[in-house]
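**Student:** One letter stands for each residue in the lines below.
Protein chains: 4
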Amino acid sequence: MFMTTKLLVTQGLEDKLLQFARDRDWEQYYAPRNLLMALVGEVGELAEIFQWMTEAEAADAMRNPETAQRIREEMADVTMYLVRLASVLRLDLDAAVQEKLLSNARKYPPNA
Amino acid sequence: MFMTTKLLVTQGLEDKLLQFARDRDWEQYYAPRNLLMALVGEVGELAEIFQWMTEAEAADAMRNPETAQRIREEMADVTMYLVRLASVLRLDLDAAVQEKLLSNARKYPPNA
Amino acid sequence: MFMTTKLLVTQGLEDKLLQFARDRDWEQYYAPRNLLMALVGEVGELAEIFQWMTEAEAADAMRNPETAQRIREEMADVTMYLVRLASVLRLDLDAAVQEKLLSNARKYPPNA
Amino acid sequence: MFMTTKLLVTQGLEDKLLQFARDRDWEQYYAPRNLLMALVGEVGELAEIFQWMTEAEAADAMRNPETAQRIREEMADVTMYLVRLASVLRLDLDAAVQEKLLSNARKYPPNA
Chain A
1 MFMTTKLLVT
11 QGLEDKLLQF
21 ARDRDWEQYY
31 APRNLLMALV
41 GEVGELAEIF
51 QWMTEAEAAD
61 AMRNPETAQR
71 IREEMADVTM
81 YLVRLASVLR
91 LDLDAAVQEK
101 LLSNARKYPP
111 NA
Chain B
1 MFMTTKLLVT
11 QGLEDKLLQF
21 ARDRDWEQYY
31 APRNLLMALV
41 GEVGELAEIF
51 QWMTEAEAAD
61 AMRNPETAQR
71 IREEMADVTM
81 YLVRLASVLR
91 LDLDAAVQEK
101 LLSNARKYPP
111 NA
Chain C
1 MFMTTKLLVT
11 QGLEDKLLQF
21 ARDRDWEQYY
31 APRNLLMALV
41 GEVGELAEIF
51 QWMTEAEAAD
61 AMRNPETAQR
71 IREEMADVTM
81 YLVRLASVLR
91 LDLDAAVQEK
101 LLSNARKYPP
111 NA
Chain D
1 MFMTTKLLVT
11 QGLEDKLLQF
21 ARDRDWEQYY
31 APRNLLMALV
41 GEVGELAEIF
51 QWMTEAEAAD
61 AMRNPETAQR
71 IREEMADVTM
81 YLVRLASVLR
91 LDLDAAVQEK
101 LLSNARKYPP
111 NA
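Chains as they are written, first to last, in the UniProt record's numbering: chain A, 1 to 112; chain B, 1 to 112; chain C, 1 to 112; chain D, 1 to 112.
Just so you know, these hints were derived from the structure itself, not from any lab.
Any given hint might turn out to be false.
Because identical chains cannot be distinguished in the list, a pair is counted as satisfied if it fits within a single copy or across any two copies.
What the hints assert, rightly or not - With a straight-line Cα cutoff of 20 angstroms, these simulated SDA-like cross-link-like pairs (lysine to any residue) come out:
# : residue 1 : residue 2
1 : K16       : Q69
2 : K107      : N64
3 : K6        : A31
4 : K100      : V9
5 : K100      : R90
6 : K6        : T67
7 : K100      : R24
8 : K6        : E27
9 : K16       : Y29
Given the structure is predicted, the values throughout are model-derived calculations rather than measurements.
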């Protein structure tokens, strides 16, 4: 396949997070398994927001300003650890996603 | 705050995933808690790749082509469910990340 | 197989947790997916304790009284949601574990 | 506090799992962070079973023999890694649970 267009651009965030780590001498902590466990922790905090909600409440969760704020913070944390992990592994998230989309499209053909 | 530059661009992937779901009548399944549990599942699969590795092995994990392929696939799955969840919640991941970065910078001042 | 001995006894805790829920009108919240998400949340909190530790620090984590206390609390929470989930599903954890041990023993024969 | 009765007995399973590991030279892999990541992996597999279910389907999940079998296997895996982790940390799960129950009872008084 000839990929002309990125579906996902993370470079700005990758640079920012690297600088953030360097300014605090945190690079030493950013080993893959550490970042993966941090990702698990943040996904867990996201789950805690939704754990006692009905499906209807979950669908409307962003209408409550306080809940919306908590969700934004946890979604941001998940995103940042995921992008940081990709950086440390030198993994191109956009390329990985494009490849997986092709694989999924073969595996699950669209309805007629 | 006046944001002039995006750190993270997900629109292309959001559109693609929405189209993918529509073409398969999967939109009905993409409720927030479902997507969150799917995210948990994919983070779990990522953890399984790294669970018995030493830190040194984890740092070199991408050098093994077969392991690298598995990591790319799971990282792609985590990314796609995260972006899909943000879409369904109508949450702007870039804005959420920018806000959290400002908050983190206040909380953890850089070294002198 | 003829099982004469339990490897795991959870009945006391199951009864206690059921009574605890009844006394607070919480039974309505204890649906399987809710309990599973609560389990995810507690496993996430456990991961947060260990995420920046080296392997050596993790092996000694219980020697620090404050860290040990946090670990005990999160391990207790994980255990209680797991046992509650098994109750709600009417799943016999001891039988499930015994069956899985037999299956694992067939799959991974011991060293000679 | 004077504890006269155990709510949870795990000794049989702890002994069995230790023997299982010794017979396969697996003790070297059973470091706390490894076991924690393995626990995350198994919780993820459990989440995958329930991720697209409605609440009603989840409540009836054990009526389908094939689904019930998968749930029993994943619940067993979660239980075994949790108990193994407690062993490796030399943490008494029953004592941890009893302490947390007292703390929860103080924090959330029962309804009048």
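**Student:** So, for every hint listed, does it hold in this structure?
**Tutor:** Now the hints, each set against the structure:
1. K16 / Q69: Cα proximity of K16 and Q69: none, with 22 angstroms in one copy and 27 angstroms across.
2. K107 / N64: neither (39 angstroms within a copy, 25 angstroms between copies)
3. K6 / A31: For K6 and A31, the Cα distance exceeds 20 angstroms both inside one copy (27 angstroms) and across copies (26 angstroms).
4. K100 / V9: Both. Shortest intra-copy (16 angstroms) and inter-copy (18 angstroms) distances satisfy the 20 angstroms Cα cut-off.
5. K100 / R90: within (17 angstroms within a copy, 24 angstroms between copies)
6. K6 / T67: Neither: 32 angstroms inside a copy, 24 angstroms across copies.
7. K100 / R24: Classified as between: cross-chain Cα gap 17 angstroms, same-chain 35 angstroms, threshold 20 angstroms.
8. K6 / E27: The answer is neither: 28 angstroms in one copy and 24 angstroms across copies each exceed 20 angstroms.
9. K16 / Y29: Result: close within a single copy only, 17 angstroms intra versus 35 angstroms inter.
In this structure, the hints that do not hold are numbers 1, 2, 3, 6, 8, in rising order.
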